[in-house]
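Enquirer: Model the placement of chain S on the given structure of chain L, informed by the hints.
Each protein sequence line maps, in turn, to chains L and S. Numbering (this note's numbering) for the first sequence: 13 to 464. Numbering (this note's numbering) for the second sequence: 13 to 464.
Identical copies carry no separate label here, and so any pair may be met within one copy or between two of them.
Simulated pairs of lysine-lysine, DSSO-like, Cα-Cα distance not exceeding 30 angstroms:
(1) Lys284 with Lys141
(2) Lys98 with Lys141
(3) Lys296 with Lys363
(4) Lys141 with Lys237
(5) Lys21 with Lys230
(6) Lys31 with Lys91
(7) Lys192 with Lys237
(8) Lys284 with Lys91
(9) Lys192 with Lys40
(10) Lys363 with Lys284
(11) Lys60 with Lys21
(12) Lys284 with Lys428
(13) Lys91 with Lys237
(14) Lys296 with Lys428
(15) Lys284 with Lys230
(16) Lys363 with Lys60
(17) Lys284 with Lys237
(18) Lys70 with Lys98
Calculated directly from the structure, the hints in this document are not laboratory data.
2 protein chains.
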Amino acid sequence: MPEKMTFEKMIANLYEERKYASIRDVFKTMNPADIASIFQGLEEEETKSAALFRLLPKELAAESFVEMSPELQENLIIKLSDNELKQIVDELYLDDAVDLVEEMPANVVKRILKQADPETRAMINEMLKYPEDSAGGIMTTEFVYFHPDYTVADAIKKIRRTGVDSETINNCYVTDSNGKLVGTVTIRRLLLSDEDQTVGEVMEENVISVNTLEDKEKVAEAFRKYGFLAMPVVDGENRLVGIVTVDDAIDVINDEATEDIEIMAAITPSTKPYLKTSVFSIWKSRIPWLLLLMVSATFTGMILTHFEDALASQLVLVAYIPMLMDTGGNTGSQASTTIIRGLSLGEIEFKDIFRVVWKEIRVAFFCGLTLAAANFLKLLLFDRLDITVALVISLTLILTVLCAKTIGSILPILSKKMGFDPAVMASPFITTCVDAMSLMIYFRIASLLLHI
Amino acid sequence: MPEKMTFEKMIANLYEERKYASIRDVFKTMNPADIASIFQGLEEEETKSAALFRLLPKELAAESFVEMSPELQENLIIKLSDNELKQIVDELYLDDAVDLVEEMPANVVKRILKQADPETRAMINEMLKYPEDSAGGIMTTEFVYFHPDYTVADAIKKIRRTGVDSETINNCYVTDSNGKLVGTVTIRRLLLSDEDQTVGEVMEENVISVNTLEDKEKVAEAFRKYGFLAMPVVDGENRLVGIVTVDDAIDVINDEATEDIEIMAAITPSTKPYLKTSVFSIWKSRIPWLLLLMVSATFTGMILTHFEDALASQLVLVAYIPMLMDTGGNTGSQASTTIIRGLSLGEIEFKDIFRVVWKEIRVAFFCGLTLAAANFLKLLLFDRLDITVALVISLTLILTVLCAKTIGSILPILSKKMGFDPAVMASPFITTCVDAMSLMIYFRIASLLLHI
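Isolated chain L (complex conformation) (with noise of 0.2 angstroms):
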């Protein structure tokens, strides 16, 4: 059966049959994301994506280029002259540039800073000094900017003459003499106004800005909230630095969702792809996790051992143990799993503690109530046991499910104001405490009604 084909197949073929031409046009019809991954893909033959890196026009070479993982850059920066970097690093947008300077080692920034002419140099050096998590960290400085004097006509002459060089010209900024933000005017306005008028007759003055320290989460909120292209970073005096693009944001959001999924699951976070990430990393970011919830599961095996005569002489008890545990700790990470998200969103604030605990206190009566009446029924029908056995057990499980959703409603809430990521009061951390409370209640109802 023949193999299926592959784009980075068919370019390794045209490459051995010297068709360099035909992969020049085969990457022009590409996206740089696509091309990304063809080079991502041929990664093993490192002489080879060097030579095909240098087919590709200048401006999609430096496009693909941000778009490939830190280790291929690396080993492409290492394969090219000083020339080729050059004309790389020139065609780089600057937020790009400084990402990759992050992500260089000390000896590849060196050659990358090297190359860059000296006014990048300049702004990338001033960039690095804000904190990687800030708005500053993931803001650009080329964009287009006014004076509110300037005519709607000169705006638009300058668009065509900088624009170029400008992350987006879809938004544009108004700035006094001083540098500070007084406005924004959108392209579609100037286009649709009257060549006459002044940029400060037309621009929009209620302008939502961030400041560089910001964190980055917060930014992203405001586009989500907002559905900006793109928002204006001022620093303290109100002066425009930069701005932060909605592509930007968008990373910002999906890798704010994968660092909330994974500690929620008691993973410590990484941006690194899962097929990239070597075993030892993965163990890494999981181990310390599995042996801090082991000793924590201690306690509840101390609380058995301490009831171990009760257990002893009413030995069903021990088979209803499981069902007990899953089900205080699957009630109680709804709970929080439901919290931590509203959290993320902006959906709940520390204000609505009450509220949220009150409703959670209903919702767990309730789904208590049920559960309890299903189980009941099932033990005196099926498991058929003695009364007063079901009826510690379905108690158990009222009180559990009331604890559990009322822990994991408020755990998340009091972490976030303390200043803890929530997400560490998923379901790991609440299934054990749940588990131990689970069984003090269970042990307890059971001597008050069995009498053991």
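Expert: Quick look at chain S alone, frame taken from chain L:
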């Protein structure tokens, strides 16, 4: 202590003092999303909100209306006169009008459609035919397009003329005489090109488009991958029928992450904010899963009952059941969560199944070894257990971790292959599977080594 001032209170105060002009001025400084949250905060006093809504300038009224919850929208529509409703409907972008019609009850829909002009009504009805979760369901039909023979000057003139009704002018589309999509051109490209060139000369011919029936999550994936601002939607014959804009893609990305997270926690997903969801709805979205998982946990109980005699002779084994079950559940969830997220982001595909499982087996081996070693020492030194019993527990740990990670990595991939949502195979489900398995391993090893 005086209560904290809120926008809602400020507006309510201004309204009581009949300062209507000032309310209008205040609203004009605000963003539609912010105005909508103020109305959301006023929800109880319905009469007031309709009166306030009438104070908004027409365009801002429509834009704020779109951001409100369906309940509030319905309340407002009921209060508005036919003429007022018509003004809103006229100002709505088509995709927002379609969303509105999809959310409202039948009698309200009738009123809305009656107020829409015949052309809009026809377009709304056309778009209602697409499934809500498809590209057609989230697209808008208001875009700018040219024939390739247009000159750049003509194109810019057309934008000036029709741009005000289009959702975006940043990306424009090029269609031939049959309406087939042949290229795209950005406003930036047009402005930077010579006025006498034709659109056909300056357009980008390699267009990535989606079919109307494509799943909206696939569309969101393309936005994430390529960093688009808009994407063309075509029918089966490559005729351009609409575009999806990045703000709608962000909503899909976000809803998708929330949905994944909810399904992973065994909750039926909903798109309603938590605080707006009734206790009954929350109960309904959680209880089926809890019942299902409770029934599954019965198997674990049956295994315990089966080994009751063995347990009675070695009661010390009971104390370690929670630790083994929890650790198994946690390690399995780590694997399944990582794989589920990888599948969602398109980083992992079915063909990777062997690479994934092999990676997880190696990770499991090292995790299992670390946990077992730590545990073995603790059992001997702190719990002072017999060495054979410690060995039984530690060996069980290694095997449980191996099985848990294997199951946790295979199930999501298989479930996606069979057309189910892989997120179902997350923590609660994996925990239930692993619980039963870990007990069987435990008792098997115990009976071999302890001869019980």
